[in-house]
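Now for the letters of each chain:
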Amino acid sequence: MRRIVVVGASLAGLRAVEALRREGYEGALTLVGEEPRAPYDRPPLSKQVLRGEWGEDRLDLRRGAGLEELELDARLGVLATGLDGRAREVQLADGSRLPYDGLLIATGARARRLPLGEGLSGVHLVRTLEDATALRDALVAGPRVCVIGAGFIGLEVAASCRALGLSVTAIEGLPLPLVNKLGVPMAAAVADLHRAEGVDLRCGVTVAAIEGDGRVERVRLSDGTAIDADLVVMGVGVAPNVEWLRGSGIELDDGVLCDARCATALPDVVAAGDVARWPNALFDETMRVEHWTHAVEQANAAVQRLLRGAEATEPFAPAPYFWSDQYDVKIQFAGRAREGDELQVIEGSVEARKLVALYGREGRVTGVLTWNRPPKLIAYRRQIAQGLSWADAVSSASS
Amino acid sequence: MKIVVDFDLCQSHGLCTQAAPEVFEIRDDGFLYILKEEPGEDLRGKLETAVRECPTGAIKVEG
Chain C
16 MRRIVVVGAS LAGLRAVEAL RREGYEGALT LVGEEPRAPY DRPPLSKQVL RGEWGEDRLD
76 LRRGAGLEEL ELDARLGVLA TGLDGRAREV QLADGSRLPY DGLLIATGAR ARRLPLGEGL
136 SGVHLVRTLE DATALRDALV AGPRVCVIGA GFIGLEVAAS CRALGLSVTA IEGLPLPLVN
196 KLGVPMAAAV ADLHRAEGVD LRCGVTVAAI EGDGRVERVR LSDGTAIDAD LVVMGVGVAP
256 NVEWLRGSGI ELDDGVLCDA RCATALPDVV AAGDVARWPN ALFDETMRVE HWTHAVEQAN
316 AAVQRLLRGA EATEPFAPAP YFWSDQYDVK IQFAGRAREG DELQVIEGSV EARKLVALYG
376 REGRVTGVLT WNRPPKLIAY RRQIAQGLSW ADAVSSASS
Chain B
7 MKIVVDFDLC QSHGLCTQAA PEVFEIRDDG FLYILKEEPG EDLRGKLETA VRECPTGAIK
67 VEG
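Chains as they are written, first to last, in this note's numbering: chain C, 16 to 414; chain B, 7 to 69.
These are calculated hints, taken from the structure and not from any lab test. Some hints here could point you the wrong way.
Unchecked claim - Quick list of in silico lysine to aspartate or glutamate cross-link-like pairs, EDC-like style, CA-CA up to 20 Å:
#1 B:K52 x C:E357
#2 B:K52 x C:E329
#3 C:K62 x B:D14
#4 C:K369 x B:D34
#5 B:K66 x C:E84
Keep in mind it's a predicted model, so treat the numbers as computed, not measured.
Next up, chain B with everything else stripped away, as it sits in the complex (with noise of 0.2 Å):
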């Protein structure tokens, strides 16, 4: 499973980090870290949550 993020979409809006805070970081300079590229299937649910809920739609989980 790999995640990818479109920069040119993502706005910060930083729901991402709430749904699933061991992947997604938004850090002091106003931009989203991933922390881990390819998760472990463990996180999947906390995923698709990320993905569904990000405003601008930027997250994909491929894989």
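The shape of chain C in the complex, shown without the other chains (with noise of 0.2 Å):
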């Protein structure tokens, strides 16, 4: 390959191009991306970042190193627009047109936005360093908050804004937060932790209307109920960026579908990080992940797949790790967790802040979730990937 073009230029198109040179690809190599910044670091956004702590200059993902020695052609500020998977071109919303013999997809997802509340100021999104240093200037004033969506951004910032002092309120769809990613059991500690730190949370219940005349003044939800509020910031969750593959060949479903391998439907194509969609064999389903480690793996095995094609490759098949850091707990969970899942509390406690509990379905290991306790993490998710088998896990671990 003599020329290959990475589109995305966050965490998971910068470690694509990383892997890449360090691969000992010596070709052309093009970085597009949409931001007209250098690749910085998206975690801290709803945390350090917001709660004032962290100036822009902690956030670069490259630690001063700039891209200079990667020797690459950077387009940042430019969008792609389209794919000609016959022509083998990306164009691009300046009118260039990049040919390409390899391409790494990478153009992650976008903050989805509620039609609701337009036009009116005080309504904020996190994603992108302008959403967050907005917001962070818009807490300075001691804005009443209401929170839309429980996740982990929503639940991030609702700890951010209490860090602050401010008074928050936070709207979940859901019986529970984060239940489609830890369980019933998991969840309902979560949300006794926020509701301990003074978070007005609201669960099972959605939002019909954010009303105001010109700026926010409360959030109405579907029973009735209106909420006073002078700031809404909305974390409902994310649409991976594929409009601009329409029509190219690349199969899309909630995302680019790709194989085993991070391959897509067209040849020397293939994907990673938010965007990507692929069947993980670790857990016989397909998924897409939307975490910062999972970004960085994916990129480097999309690259291994792109330089040694698929027989020189393995499958793709990782325990998907994330965090979040949330008051004085470290949440962290590698793994899967689904609906009917065992689960067992095998050290601590919720109330001590501080466990290790395991998820186990059809005789197998397929999660691990710790507060406060890292050194467990990694071992587990280790064996996880390795097929550990709960009999074995629960009994070693009550000896």
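Dock chain one against chain two, each of which comes alone in its own frame, and use the hints as you go.
Structure follows, in structure tokens:
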């Protein structure tokens, strides 16, 4: 291959171009990114940046090394608008066309926005650095905050706002926050944690309207309740950035559909990160994963596939890892939790804010959750990838 | 080759202990320990993985 194009210049795209050079690829390399700035780290946006502790200088994913040594053509601030799979060409919004021999798609996802409160000031999202700094600046005035959606972003924003001493209401449509990620008992524990820290958490209810005269004044719930608020943060999930791929021959299904090795339906086109959906053999399930570590690992796997071909590449089958920092609790999870899974707390307790819990299905351990117990997490993650049996794990934990 | 960890940045995610267990360990106190501050060249690949996968960018390989 002489020309490789990577579309998407956040974590997955950056780690992909780094991997290409590390693996000895010496041909032309182009990195296309919609945002005008150099690749930056997003997890601190809802935490350190929001609390005003970190400036943007702390977010550089290259840690000051710059992009120069990667010897690439960086097209930052330019949206990719189309892909011609037959001609092997990426089209950009500035009219330029990038021919490729190999293409890696890492266009990620954007924050969803509910069609409510349109035209009102005081409605925020948290996805980009601009989103986060605008919200940080708006929090200085001490608003009453209403967070819509108690997923990772919503809960971290709620925790950061409480750290700033703000009054916070959080609305979640599901019966419990993160219930689809952690299962009922542990999701209930997360709900209790937030309530203990002073968040007014309302679950199982949706938002009917965001009302106000020019700016946010209240949030109206589906049950008619009105919540007075000066500021709304929407944390209602993301939508994969795939519109530019329509008609390209790439298969789209809530993301870019890939095979077990991150290859798309088009030859020499692979995908990684938030945008990619692929069959993970470890869980016998097709998944799209939006976590930090996943972006790094899948970028690496997709690069292997691109450079070495299917024969010489192992299927990509990780136990996805995520973390979330909320108050004084570091929540870490690896694997997959599904409804009906076995659950056993093998160490500690919710009350102690320190615990290790295992999730199991069909005789195997499929997930591990820890609160403030980092030593255990990675050890179990490794064993889950190796097919750790439920009986062995539970008996060795109780011995 | 020298391993430098910025312990102000380290949050004990522990991914480095997966990438290079010969060099990194998280103990029961929840803190990261460096087992070999000057590991051999044979570990360079694993250490570069640890650097890359560290969610807080706390690890550096010098030399």
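Status of the hints after comparison with the structure:
1. B:K52 x C:E357: 34 Å, violated
2. B:K52 x C:E329: Given pair B:K52, C:E329 holds - Cα atoms ~18 Å apart, limit 20 Å.
3. C:K62 x B:D14: 16 Å, holds
4. C:K369 x B:D34: 12 Å, holds
5. B:K66 x C:E84: 17 Å, holds
Going down the numbered hints, you'll see the structure goes against just number 1.
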